[in-house]
Structures are given as C-alpha cells and as structure tokens.
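*Asks:* Residue numbers (the working numbering), protein chains in the order written: chain C, 2 to 468; chain E, 174 to 385.
Just so you know, these hints were derived from the structure itself, not from any lab.
Be a bit skeptical, because a hint or two may be false.
Using 30 angstroms as the maximum straight-line C-alpha spacing, the simulated BS3-like pairs for lysine-lysine come out as follows [unchecked claim]: (1) C/K253 <-> E/K341; (2) C/K396 <-> E/K302; (3) E/K176 <-> C/K52; (4) E/K370 <-> C/K5; (5) E/K302 <-> C/K274; (6) E/K307 <-> C/K52; (7) E/K375 <-> C/K164; (8) E/K207 <-> C/K166; (9) E/K302 <-> C/K52; (10) E/K370 <-> E/K349; (11) E/K207 <-> C/K101; (12) C/K317 <-> E/K370; (13) C/K166 <-> E/K238; (14) C/K192 <-> E/K307; (15) E/K302 <-> C/K166; (16) E/K302 <-> C/K163; (17) C/K164 <-> E/K238; (18) E/K307 <-> C/K259; (19) E/K313 <-> C/K166; (20) E/K302 <-> C/K331; (21) C/K164 <-> E/K313; (22) E/K302 <-> C/K164; (23) C/K163 <-> E/K207; (24) C/K331 <-> C/K374.
These numbers were taken from a predicted model, which means no experiment stands behind them.
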Amino acid sequence: MSEKTLYDKLWDSHVVRQDANGTALIYIDRQLVHEVTSPQAFEGLKLAQRKPWRTASMLAVPDHNVPTTNRAAGIADPISRLQVETLDANCAEYGVVEFKMNDIRQGIVHVIGPEQGATLPGMTVVCGDSHTSTHGAFAALAHGIGTSEVEHVMATQCLVAKKSKAMLVKVEGTLGKGVTAKDIALAVIGKIGTAGGTGYAIEFAGLAIRALSMEGRMTLCNMAIEAGARAGMVAADDTTIAYVKGRPFAPKGGDWDKAVAYWKTLHSDAGAKFDATVELDAAQIKPQVTWGTSPEMVVAVDGRVPDPASATDAVKRGDWERALAYMGLKANTPITEIKIDKVFIGSCTNGRIEDMRAAAAMAKGKKVAANVKLAMVVPGSGLVKQQAEHEGLDKILVAAGFEWRDPGCSMCLAMNDDRLAPGERCAATSNRNFEGRQGQGGRTHLVSPEMAAAAAIAGHFVDVSKE
Amino acid sequence: MRKFSLLDGLVVPLDRANVDTDAIIPKQFLKSIKRSGFGPNAFDEWRYLDHGEPGMDNSKRSLNKDFVLNQPRYQGAQILLARENFGCGSSREHAPWALEDYGFRVIIAPSYADIFFNNCFKNGLLPIKLAADKVDALFKSVEANNGYKLKVDLEKQAITAPDGTEYKFEVDAFRKHCLLNGLDDIGLTLEHVDEIKAFETKHRAAQPWLFA
C-alpha cells in the first residue's frame, strides 16, 4: 500500500520505535502547557529529579483561571492564583517560554499556538487539554493528553501511543448563508454521535473544508474531540501557508522555502484508504443548536426539541428525559421559541478574530434584548483583542450592550468567576453543553458566533440563514 | 504506580451513557496543584445537594440520597459499572485520580473515551470493556442482588460472577504488564534514550525549522 493518508504521513514521520504489539514511541515536536494540567507533571519531574528533554519545544500560558475583567487587580480567588503562580514558578525554574497573564500575547492555549506560529504543519502537538485537536487544522497531528503523559513528554520528548484508525469526513458543496464551520462540526457530531470518532483520527476534506479559512478549520478540528476523536486534521494548502507566514515562531529565510516544499506534501494521496468515511453535503447544513447535555443532542435551528418517546432504545430515552429535565425544556418546542438569559461568545472553539467580526456584524446598530441579563464577548487572546479593537469591533459590541472582556477560557468551563447561575440558559459559542459545565445548574446551548449574537439581540434563538 | 492484579470487589451501577469528566470531577476542584484528595468530590454535583467548592468539609455537606453512590448497599464499592462512552470530554486526569481516590480499582463499561481510557492505566485503575449485552446483564444482576461482588483477575483477563459465569476481557499487553508490575512509563521509555536521540538527530536534519 503506497498511497498514504495525511494521518499515515504524520504518524510515520514521528515513529521513534515500534513494538511488535502495536505500541509505538512517537516523537513530539511541540508541547503546549497551561496552568491546570501541568503542576502535577512538573512536580513529578522534580520528585524523580528529571529535567525537561527539550524546553524549547514547550510554550506555556495561563488561560483557564484568569479573570476577564479588572486584570490589573490580579486573581482574587487564592486557589486559582496559586495555580497560576505555580505555572509561573515552574516555567521560570526550567526556562520554559511563558506568556504571563498580563502579556499582550496571553490567551487561550489553542488560540495562541497558531497565532504565534508555534503550531506548524507536519508537527506533532500535544497539550494536557482535550481541545488540542484544534491544531490539526494545520495538517499537524495534535491531540490532548493526560497529566501523566504531560510529564512523560516533558521527560522523554515522546509519547507512548498506538496508531488510531483513520476516518474521512468529506464535506462537499458550498455552505449556505449564515452557516459556519461550527455548524459543520455540530452537524457531524449529530450524525456520528459523541463516540462516533472514538478510536479514530479524523481528516476533514472536501470543497467546503477547502473553502474554510484557518479560523474555520480550527473551529472544526477543535470539535473533533466532541465526536470522540482525539485528533482532527485538514490537509495543508495555500490557505495554511499564507496563515503561517511571518508569524513569530514560523520558519524564516531558507528554512521557510524548505518548510513550504515539505508542507505541500501534507495531504492524503489519491486512493489512500480510510477505515471509515462519512459524507455531508454542505448545502444541506443549517445553523445548528444543541438542546441537551451532550453535543450530539443537536438539531437545526428550524427544528424542534425532540420527544424522548421517539428514542431508539431505553438507555437513550432515559438520557433524553434526563437532559430535557436538566435543560428545563419540553419535547416538541420549536428551537426559535427558546428564550435565553445569557450569551457567551469566545473559547478555543470560537474566540478568534473572524468570530469577533461575525458577532460584531450581527450586533451592529442593534441592542441586546431586555431579557438577556449578560452578553459577553471574550477574545481568545490579547492579540485578537487588540486586532478587534483596531477594527472598532469592541465599540460596535459595547454600543449594542455586549460586555467586552479580557482573554481567557472564561465561561466555556467557568473555572474563573464567569459562570451561569443555576437554571440560567445560555447561548454559547463554546464546545461542551455538559451538565454544570458553565456553572452548576446552568443550561448551555452550543451555537456559532453568528447564532449567539443574533440570539442576544432577539432574546431567543433565530435562524440567521433567514435574516 | 499502584499494582493491580486481583480484586474481589463490590459493584456499584451508574446507569447512564456518556458520563463526562466534568461530571466525574467538576472544574472548581481542578484548581488543586496536587494529585490526591479528589475522592470526596468525585461526582460532586450528583452526590451532594449543595454546591461544592475546594476546601469545604465534605462530611458536613448534605448528600443526595437518590444518587447511587450514596445508597447504603453500595458503600465501599470498588468496581464501577457504567454505560457507553464513559469518561468523555475533558482530558483532565483529575477524573481517574478522583475515582481512584474514592476507592475504585476497576471500571466496567461497553466503551470509553480514548483519553480517559489511557489516563486510567497511568493510575492503577483498570477500565474493562465488555460487550453491551454483557454489561446489561451485569446491571440487572447488581440491581437484583444486595452485596453483589465480582472477582477481577487481570493476569487471566477474566471477571467471575457469584454464579460462576466468567467474562473474558481484552487488555493491551503493554498496559497489562505495567499494571501488574506497577511500572511507570517514563522509566521504561528512558531505556530507549539512544533511539530517541538518534531519531531527534535525523528529524533535526530533515526539518531544521522545528529546532530553530
């Protein structure tokens, strides 16, 4: 078999050793580090009197615990503060490059990696964070790992892994008005389920994917983990190369030309075999809204909350009933009749400049509805925030009644002070609608930035493809 | 890492699919910089009626009596029986840390999320995959019989029920070896230092920009 998938190419070029039982040692080019999943790894290194193998491969940033307002005052919660200070101290001790909380380059780890050119095509990228799949948008093999593995990569520059199966998700055709990469991601998850990609590395391909910007491709790969796949990826093309060019960590001079020549080979060969293939027609995808407590509980905005009586088996029926009770929803309610209390635009899924632009375009000249208590926009990084302000997006959003915050993970997982109160309903551009994810008792509906901003203005979900 | 070979343990059934790691250990407890002490907050939002925060005296909090882990018959359970896609979502290793600290040594489910599954093996916790119909049968047996225990033998890769029924399970040979002997991966990988260095030299020559 000479035809290789993109995944084969990325895997094969990083195998240090292969054991007969299928276990391999994979070399890791880039390790991204944040404050939540690294302290125990650094402590483990210290206890074993080991040193990081190659600190230059590491890039660290605090993102989960950081406040999104009044940052000059520091972190009020002493436990959160200690975790961020621990990251600072560990990075200082081992000489790891870190963008600290008040550095303009600080932001969500999956936003800053690509923004800095620290994520490059052909790399293996890991981070103690499941949304590391984001970086696969650059034709990189990128996936989340646990803290023991974070320590393992620090100490050995390698990961013990078994090769996954390969899945091709092919999206042909053209997306309709108001339909985004987020809607593709949710439609894929709706189709294959949250365990549909378990055991697979997913490659997204097809005309609709080629037409996406890097921001869109990152949104899509980011959500691969919500389909159960540790890694999502997109082949490198001119869009990829144009995005990387000139970024601080990107190759320069003669290296640049050599790198580009190599990156152009990072695609699946014609005729390469996949273990599974899923096909979607972009033209058929409508704006998506989740109604339950798992990303697979999703329907098109012109649909209705499903009836558990129509579930195919007893376990699923029980899950739907529990989800509806938690979400405070009745079966068969039209999605556009669901009123919201809060709006969150941001996260590693949708906290990039295009997302800010999409939100501002929806909000321009309008006002947040009276029933919406809080509509917050949280840029994914300090540089995204700066760029948005340069374009005047902050002024548009603030004039419409949105709050314009400082960068971080914020209310995607509510580890800082940004969270829902019990029973509050939120239109969120993040990636998980699990029980309690945005605050205990909080009710999350996952949508695109366009859909979230439009819901903020209307006070309930609206079909942006008809606006 | 703690070794695992044999267990004769009480089983508790958690009858819902897609249990995510946010449910296993909510985010506020991830602020800890330690690896231990997460057990009292495992399944915190389901287990207690109030909102939990780090530093609370959990023994003084009011328990949700309806939650299965709080039922008297399941106290001291070491085997967690679960449904499809257990451990999905966040990669937080705090989830297996919390389950292990609670007292679990074995999980039995039809399927797991990949990262969680991996993380379990690093912490002396054995996640066993059994076919959905077998898991279903176990759910029925556990619910019907007080004090229902299962014998888990990793060496033989077999679970034995009180009625003598044996369920064979698959486990990766390398992971089995590590669990049986309580071995950490790092030490094992460092036995291959020369190979890693040789690879790195070759990789640097091919893609020098990765090392700039």
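*Asks:* Against each hint, give a clear statement of whether it holds in the structure.
*Replies:* Now the hints, each set against the structure:
no. : hint              : in the structure
1   : C/K253 <-> E/K341 : violated, 56 angstroms
2   : C/K396 <-> E/K302 : violated, 54 angstroms
3   : E/K176 <-> C/K52  : holds, 26 angstroms
4   : E/K370 <-> C/K5   : holds, 27 angstroms
5   : E/K302 <-> C/K274 : holds, 28 angstroms
6   : E/K307 <-> C/K52  : violated, 46 angstroms
7   : E/K375 <-> C/K164 : holds, 22 angstroms
8   : E/K207 <-> C/K166 : violated, 35 angstroms
9   : E/K302 <-> C/K52  : violated, 36 angstroms
10  : E/K370 <-> E/K349 : holds, 28 angstroms
11  : E/K207 <-> C/K101 : holds, 22 angstroms
12  : C/K317 <-> E/K370 : violated, 50 angstroms
13  : C/K166 <-> E/K238 : violated, 43 angstroms
14  : C/K192 <-> E/K307 : holds, 27 angstroms
15  : E/K302 <-> C/K166 : holds, 18 angstroms
16  : E/K302 <-> C/K163 : holds, 17 angstroms
17  : C/K164 <-> E/K238 : violated, 44 angstroms
18  : E/K307 <-> C/K259 : violated, 55 angstroms
19  : E/K313 <-> C/K166 : violated, 34 angstroms
20  : E/K302 <-> C/K331 : violated, 35 angstroms
21  : C/K164 <-> E/K313 : violated, 36 angstroms
22  : E/K302 <-> C/K164 : holds, 19 angstroms
23  : C/K163 <-> E/K207 : holds, 29 angstroms
24  : C/K331 <-> C/K374 : holds, 23 angstroms
In this structure, the hints that do not hold are numbers 1, 2, 6, 8, 9, 12, 13, 17, 18, 19, 20, 21, in rising order.
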